[in-house]
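Please construct the entire structure, taking both the sequences and the accompanying hints into account.
Just so you know, the sequences run in chain order D and L. Going by this note's numbering, the first sequence opens with residue 12, and the numbers climb by one from there. Going by this note's numbering, the second sequence opens with residue 184, and the numbers climb by one from there.
Hints listed in this document are in silico derivations from the structure and should not be mistaken for laboratory results. As the structure is a computational prediction, the values presented were derived from the model and not from experiment. A portion of the hints provided could be inaccurate.
[As the list claims (entries may be wrong)] Below, a list of computed lysine-lysine pairs in the DSSO-like style, where the Cα atoms sit at most 30 Å apart:
id : chain 1 : residue 1 : chain 2 : residue 2
1  : D       : K166      : L       : K387
2  : D       : K266      : D       : K292
3  : D       : K49       : L       : K294
4  : D       : K49       : L       : K319
5  : D       : K221      : L       : K207
6  : L       : K275      : D       : K104
7  : L       : K297      : D       : K166
8  : L       : K275      : D       : K49
9  : D       : K337      : D       : K18
10 : D       : K84       : D       : K104
11 : L       : K319      : D       : K166
12 : L       : K275      : D       : K221
13 : L       : K308      : L       : K374
14 : L       : K294      : D       : K166
15 : L       : K383      : D       : K166
16 : D       : K197      : L       : K195
17 : D       : K166      : L       : K308
18 : D       : K166      : L       : K259
19 : L       : K275      : D       : K107
20 : D       : K146      : L       : K402
21 : D       : K221      : L       : K195
22 : D       : K166      : L       : K374
23 : D       : K49       : L       : K297
24 : D       : K166      : L       : K402
25 : L       : K379      : D       : K166
26 : L       : K308      : D       : K146
27 : D       : K49       : L       : K308
28 : D       : K49       : L       : K259
29 : D       : K313      : D       : K262
30 : D       : K166      : L       : K275
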Amino acid sequence: MKKRKNKWYYDANAYHEVVLSGSVTLARNLADFDFPAKMSEEDAAEVVSRVRGITTELSAREGREYYSCRVDKLSNTEKDCLIESHTITPSLKRRKDPAGLIISEDESISIMVNEDDHIHIQATKAGYNLRDAYKTANRIDDYIDSVMPYCFSEKYGYLTSKLQDTGTGMHASYLLSLPGITMGGKVDALQEEISRFDVSLKGIYGDGSKSAGFIFQLINRKTLGFTENEILENLEQVTAQIVDIEKKLRKGLFKNVGTEITDRIYRSYGVLKYAKNLPQKDAMVLLAQLKLGSDCGVIKIKGGGSALHRLMIEMQPGNLQTIYKKNMGSAQRDEYRAKYLNEHLPELIPDEDAEE
Amino acid sequence: MLCDVCQTRQAKIFYTEIVNGQKKEQHLCEQCASEYTAVPLNELLGGQGLSSVGSILSGILSSYAKGKSLKNDDHKETVCPECGTTESEFLKTERAGCPFCYNVFSDMILKNFKAMQGGMTHIGKEPSFAKLIEIKDVIPVKPGRGDMGDNDRKITLDADLDPSDGVSMAKEDGKKTAPKKTGRLQTRSAKISELKEQLKEALKVEDYELAASLRDRIKSYEVKNEKKKK
Numbered sequence: 012m013k014k015r016k017n018k019w020y021y022d023a024n025a026y027h028e029v030v031l032s033g034s035v036t037l038a039r040n041l042a043d044f045d046f047p048a049k050m051s052e053e054d055a056a057e058v059v060s061r062v063r064g065i066t067t068e069l070s071a072r073e074g075r076e077y078y079s080c081r082v083d084k085l086s087n088t089e090k091d092c093l094i095e096s097h098t099i100t101p102s103l104k105r106r107k108d109p110a111g112l113i114i115s116e117d118e119s120i121s122i123m124v125n126e127d128d129h130i131h132i133q134a135t136k137a138g139y140n141l142r143d144a145y146k147t148a149n150r151i152d153d154y155i156d157s158v159m160p161y162c163f164s165e166k167y168g169y170l171t172s173k174l175q176d177t178g179t180g181m182h183a184s185y186l187l188s189l190p191g192i193t194m195g196g197k198v199d200a201l202q203e204e205i206s207r208f209d210v211s212l213k214g215i216y217g218d219g220s221k222s223a224g225f226i227f228q229l230i231n232r233k234t235l236g237f238t239e240n241e242i243l244e245n246l247e248q249v250t251a252q253i254v255d256i257e258k259k260l261r262k263g264l265f266k267n268v269g270t271e272i273t274d275r276i277y278r279s280y281g282v283l284k285y286a287k288n289l290p291q292k293d294a295m296v297l298l299a300q301l302k303l304g305s306d307c308g309v310i311k312i313k314g315g316g317s318a319l320h321r322l323m324i325e326m327q328p329g330n331l332q333t334i335y336k337k338n339m340g341s342a343q344r345d346e347y348r349a350k351y352l353n354e355h356l357p358e359l360i361p362d363e364d365a366e367e
Numbered sequence: 184m185l186c187d188v189c190q191t192r193q194a195k196i197f198y199t200e201i202v203n204g205q206k207k208e209q210h211l212c213e214q215c216a217s218e219y220t221a222v223p224l225n226e227l228l229g230g231q232g233l234s235s236v237g238s239i240l241s242g243i244l245s246s247y248a249k250g251k252s253l254k255n256d257d258h259k260e261t262v263c264p265e266c267g268t269t270e271s272e273f274l275k276t277e278r279a280g281c282p283f284c285y286n287v288f289s290d291m292i293l294k295n296f297k298a299m300q301g302g303m304t305h306i307g308k309e310p311s312f313a314k315l316i317e318i319k320d321v322i323p324v325k326p327g328r329g330d331m332g333d334n335d336r337k338i339t340l341d342a343d344l345d346p347s348d349g350v351s352m353a354k355e356d357g358k359k360t361a362p363k364k365t366g367r368l369q370t371r372s373a374k375i376s377e378l379k380e381q382l383k384e385a386l387k388v389e390d391y392e393l394a395a396s397l398r399d400r401i402k403s404y405e406v407k408n409e410k411k412k413k
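This is the structure we're talking about:
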């Protein structure tokens, strides 16, 4: 696959201190084929090549470069890389039968072929902006709809393999950075509260209410009986409330245990800058604490939180092995991770006014 | 019983682990169980985007299946003639293998949607060209109305497997031809009167749950009809 340069998560202008990114996925199936789990290998290959066939036309229509590949023929490292930036899902990696991928240059748009369904169109936007992501995904959906017939029921909408996707086939999600809520011990309460709104909140780097890096995904649970707009609106409303709570709790943190938190933030910087062995979980927590400091203006870093979010992705195994162009065992990775972070941690901006 | 690990919450999960022939039993609460059986961090990295909501939603269908098998012992397993998905497979994975599964397992799907989804009818986006799959309505078998379940299933299967019936192909090539609007409108109007009949029937037997879902569907068809007319 081609070397990609500017990725969507580099976008510092779109940076939001709580909402890292918004993403919309549309699940679609082509008529005349069984769903991927039940397809023959020949059919799977046929679907992949049909969908990959639109790549050139898609580039022309969208005015940007798109690349396509056979995912089942990529190396594990290449696949991990794409998973780490949330471009593809782990279940696409696990598929043994022919599977495909079309991605935009910046990886913000991906069309996964033969994941749970024939087509998963996914559009991601950095920051607090779900509507743009939806518009993009919808536009691509319209185009694909015009060249190959989907399978659709007037009663149940888009028919999908998983019953929890049927209907709109749409899952909208926000990736949220919630150090305030986590440190304030409110994750469990929030998760319970939130289920009333037909959305779920879960840690993506860990399990349930614990998430290294305080990063959580907020996603709609229901797809049938709502319009796309209703799903987006609902998610936006819940997100707005979470953002408010998070900001309040962050303020509260500094008010109550300010010295301790400030110390932790500076310590994080020191360790990331000089430690020689950094397991992934540690690095994730340290970067997240530093991000909290930067978001709250306690510490000033070149590039701000956006640069730190980028490091969170780049220090993961797939990216790390791609950057250093070698396969590594986990012990070796921890050393290279430390090396990478030592060298790439953004500089501190000295702030005279803040220090007395 | 309290959880063996935290000793504070109620134990809900009985976890049996057999390592090298040694059996180890634990009574855990949900939180501790999820920690105990957690996959290492690396495995979970990148679970974003399409990550399955499924893990938290499972269980509904399997409990339904239990109740069903209790009712009649000589219950034969249904198999989708199109893709070969078996009933037990479907109940376990809650996944359809092909569009026809939606008809073959329609009663279970209805059950799942009732519990898990926001409505019984799609009201969102519609494709401009699509292969329309007709899905039959399931009228739950009420005591006293006779066992029409199996008959019901057979009829639809025959209808659905005939390509000329129930499935209309709207387009083939890349160019936009005028969609068969009138054709679909007629089906819709026919559908509405059919649904109204069913609604009457449902009200007669005082099945208000079904009636409400029928009412919603009629409404949505009427709205769609209005839209198309404009």
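query: Of the hints stated earlier, which fail here?
result: Every hint satisfied by this model.
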